[in-house]
Amino acid sequence: MKTLILCIGNELFGDDGVALYAGELLKKLESEEVKVEESSGIDLVERSLGYDRVMVIDSILEPKKAGEIKKLGLDDIEKEGLFAHNISLYQLLKIAESAEDEKKKIEVYAICIASAELGAELSEIVKGSAEKLADLIADNFDPD
Amino acid sequence: MSESKKEIIIDPITRLEGHGKITIFLDDDGNVEDAYLQIPELRGFERFCIGRHAEEVARIVPRICGVCPVAHHTASMKALDKAFNVEPTETAKKLRELIYNAYFIYDHTLHFYYLGGTDFIVGPKAPKEERNIVGVINKVGLEIGKEVIKHRSFGQKIIEMFGGRATHPVYGLPGGVSKGCTEDNRRVIEEMAKLCVHFGEFTLDAFHKIVLGNKNYVDLITSDDYTMKTYYMGLVDKNNKVAFYDGDIRVVDPNGKEFRKVKAEDYLNLVEESPLSWSYIKTVYLKDVGWKGFVDGVDSGVFRVAPLGRLNASDGMSTPLAQEEYEKMYETLGGKPVHHTLAMHWARVIELMNACERLLELAQDESITDKDIRAEPGEPGEGIGVVEAARGTLIHHYMLDERGMMKDLNLIVATVNNSAAINMSVKKAAQGVIKNGEVNDGLLNMVEMAFRAYDPCFACATHSLPGKTPLEVSVYDRDKNLVKRLKRG
Numbered sequence: 000m001k002t003l004i005l006c007i008g009n010e011l012f013g014d015d016g017v018a019l020y021a022g023e024l025l026k027k028l029e030s031e032e033v034k035v036e037e038s039s040g041i042d043l044v045e046r047s048l049g050y051d052r053v054m055v056i057d058s059i060l061e062p063k064k065a066g067e068i069k070k071l072g073l074d075d076i077e078k079e080g081l082f083a084h085n086i087s088l089y090q091l092l093k094i095a096e097s098a099e100d101e102k103k104k105i106e107v108y109a110i111c112i113a114s115a116e117l118g119a120e121l122s123e124i125v126k127g128s129a130e131k132l133a134d135l136i137a138d139n140f141d142p143d
Numbered sequence: 000m001s002e003s004k005k006e007i008i009i010d011p012i013t014r015l016e017g018h019g020k021i022t023i024f025l026d027d028d029g030n031v032e033d034a035y036l037q038i039p040e041l042r043g044f045e046r047f048c049i050g051r052h053a054e055e056v057a058r059i060v061p062r063i064c065g066v067c068p069v070a071h072h073t074a075s076m077k078a079l080d081k082a083f084n085v086e087p088t089e090t091a092k093k094l095r096e097l098i099y100n101a102y103f104i105y106d107h108t109l110h111f112y113y114l115g116g117t118d119f120i121v122g123p124k125a126p127k128e129e130r131n132i133v134g135v136i137n138k139v140g141l142e143i144g145k146e147v148i149k150h151r152s153f154g155q156k157i158i159e160m161f162g163g164r165a166t167h168p169v170y171g172l173p174g175g176v177s178k179g180c181t182e183d184n185r186r187v188i189e190e191m192a193k194l195c196v197h198f199g200e201f202t203l204d205a206f207h208k209i210v211l212g213n214k215n216y217v218d219l220i221t222s223d224d225y226t227m228k229t230y231y232m233g234l235v236d237k238n239n240k241v242a243f244y245d246g247d248i249r250v251v252d253p254n255g256k257e258f259r260k261v262k263a264e265d266y267l268n269l270v271e272e273s274p275l276s277w278s279y280i281k282t283v284y285l286k287d288v289g290w291k292g293f294v295d296g297v298d299s300g301v302f303r304v305a306p307l308g309r310l311n312a313s314d315g316m317s318t319p320l321a322q323e324e325y326e327k328m329y330e331t332l333g334g335k336p337v338h339h340t341l342a343m344h345w346a347r348v349i350e351l352m353n354a355c356e357r358l359l360e361l362a363q364d365e366s367i368t369d370k371d372i373r374a375e376p377g378e379p380g381e382g383i384g385v386v387e388a389a390r391g392t393l394i395h396h397y398m399l400d401e402r403g404m405m406k407d408l409n410l411i412v413a414t415v416n417n418s419a420a421i422n423m424s425v426k427k428a429a430q431g432v433i434k435n436g437e438v439n440d441g442l443l444n445m446v447e448m449a450f451r452a453y454d455p456c457f458a459c460a461t462h463s464l465p466g467k468t469p470l471e472v473s474v475y476d477r478d479k480n481l482v483k484r485l486k487r488g
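Line by line, the protein sequences give chains A and B. Just so you know, we're using numbering that gives the first Met the number 0 here: the first sequence kicks off at 0 and counts up by one. Just so you know, we're using numbering that gives the first Met the number 0 here: the second sequence kicks off at 0 and counts up by one.
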């Protein structure tokens, strides 16, 4: 199955870059059929063209749950009110899902973060969660 | 705020880049007394760059924003050309311009179909659940939606071809670019550009049918509520045609007469920046006219950038189909300059046409595959780079030390150039649509339309992380008790 692992975030805003770090760890899955790329989110629809499955990794600003990993369905995302540059992530994913003749399979993983301040370092707790998530995805990755 | 006033807050604003808040003050009769646009966060990107190697800064600044990284990267490489005293090769200039037009295609397409244009496609007073890209696709059909997505992706593919990745590309170096264009790539780009030209025509046709074909929309665009007589600014080429990548800065007065035309490096003689005590965004005004407050007219230094600013400041477009539409716009709206804020949308789709045609011209120039893609940089010093970002004039000003490290820098982004005008537009629209205390979601959306037309980017303006929360509108009575709250998302 042609799979895109799309990591959303900004590596210069501290923990907001957590998905990009997870993406680096998942590069080992790359092949003809699997690509790992970064995104600011707003180009999610276009970037997902040509793939059968899109696995999105993003951060959620939830200070009390920092480090927690969530696997979300589209309905959960609508409830979470996640935004990519103020276009709802839900809207983008809904369009991405149906943008081509075959409906895509979409999975979303989110890591809760406490803050996103200017800086190139990840907090220890969030970094650890990225490693845990990368292991989880890699261990359970089904190429078909 | 006085105790006798009512307060309406739109916080944060939907469908723009970054986090902003509109506060509207009502008088005792429920009419709008004043309105302000506030930017409540600041991250200080400039400070982050000081002390770093100058060439590293060109790789950092695209991270300011996920939507206009190409604009920041290009302004940065142009500033570095000057700072290292090097003139890029002709091939490098063509490649940079080709990539830049690809960026314009995906950015203007984003605004018309995903962000600001949705107000017209779905309707300004349509239910809030429908005023978004999903609503647009429901309205125009999935097949057209697929065409929009496909052509936007062309812009990204071209950028990825040279910059290694579509989101935060890296290809610019002082004196040139890091990767040339192969003949195979040129042919691929040419084919995509041909399709983009058809898409540009399709979009102009859609604008005519959906917007200009609706008398209510034309009346809205030309209404006094969305009209201000200001100065206009934009880059122009040697024939005074709109130029996105490179040119002189031209300013026309509210009567359309050329006020100043200066080289990019003379920008400090043209504008001055001033902080606002109530916002993290600065205001910028014309130095020789001066700051007279949030007022329009020939005696006020307030000016506007972005598509309408560029078209008003120019004598035309550089490509035939865009020029044809440029003439139609001015003929329809009563000649130059056009002062109607919502005409920004028309100007934007004209620029989309221009970018598509120019992309094709450059892709059909076989010399673009020449190998001379970089000239040797000289000694480090001071450099200023100016480009037209999709949302207006963008200035990067760098001062390097003798080792090529960043000593100081100043960034004036499009939304800062437009900040005074956006504030004034918001107030004027609010005064026009909110009467006798009647406030609802549709009316507040019409206030938002006044600034959304500018395609503002507050992530760029404050160099901050974009907001990730939905819109919240709060209405308070004279005693600051919350009487109504509207949420959007």
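Accuracy of the hints is not assured; some may be wrong.
[To be verified] Straight-line Cα separation of at most 25 Å, DMTMM-like style, residue types lysine to aspartate or glutamate; simulated pairs: (1) B:Lys-178 to A:Glu-67; (2) B:Lys-149 to A:Glu-106; (3) A:Lys-27 to A:Glu-116; (4) B:Lys-228 to B:Glu-159; (5) B:Lys-327 to B:Asp-252; (6) B:Lys-145 to B:Glu-86; (7) B:Lys-156 to A:Asp-75; (8) A:Lys-27 to A:Asp-100; (9) A:Lys-27 to B:Glu-142; (10) A:Lys-102 to B:Glu-32; (11) B:Lys-156 to A:Glu-116; (12) B:Lys-156 to A:Asp-74; (13) B:Lys-138 to A:Asp-141; (14) A:Lys-26 to B:Asp-204; (15) B:Lys-92 to B:Asp-298; (16) A:Lys-69 to A:Glu-31; (17) B:Lys-156 to A:Asp-100; (18) B:Lys-138 to A:Glu-23; (19) B:Lys-127 to A:Asp-75; (20) A:Lys-1 to B:Glu-159; (21) B:Lys-281 to A:Asp-141; (22) B:Lys-178 to A:Glu-23; (23) A:Lys-26 to A:Asp-141; (24) B:Lys-149 to A:Glu-36; (25) B:Lys-145 to A:Asp-141; (26) B:Lys-156 to A:Glu-123; (27) A:Lys-102 to B:Glu-189; (28) A:Lys-104 to B:Glu-142; (29) A:Lys-102 to B:Asp-298; (30) B:Lys-145 to A:Asp-51; (31) B:Lys-149 to A:Glu-116; (32) B:Lys-149 to A:Glu-101; (33) B:Lys-145 to A:Asp-138; (34) B:Lys-193 to A:Glu-123; (35) A:Lys-103 to B:Glu-375; (36) A:Lys-104 to B:Glu-146; (37) A:Lys-103 to B:Glu-146; (38) B:Lys-145 to A:Glu-116.
Treat the hints as calculated values from the structure; they're not laboratory data.
> Which earlier hints can't be squared with this structure?
Replying inline: Hints 1, 3, 4, 6, 7, 8, 9, 10, 11, 12, 13, 14, 15, 16, 18, 21, 25, 26, 27, 29, 31, 33, 34, 35, 38 contradicted; others consistent.
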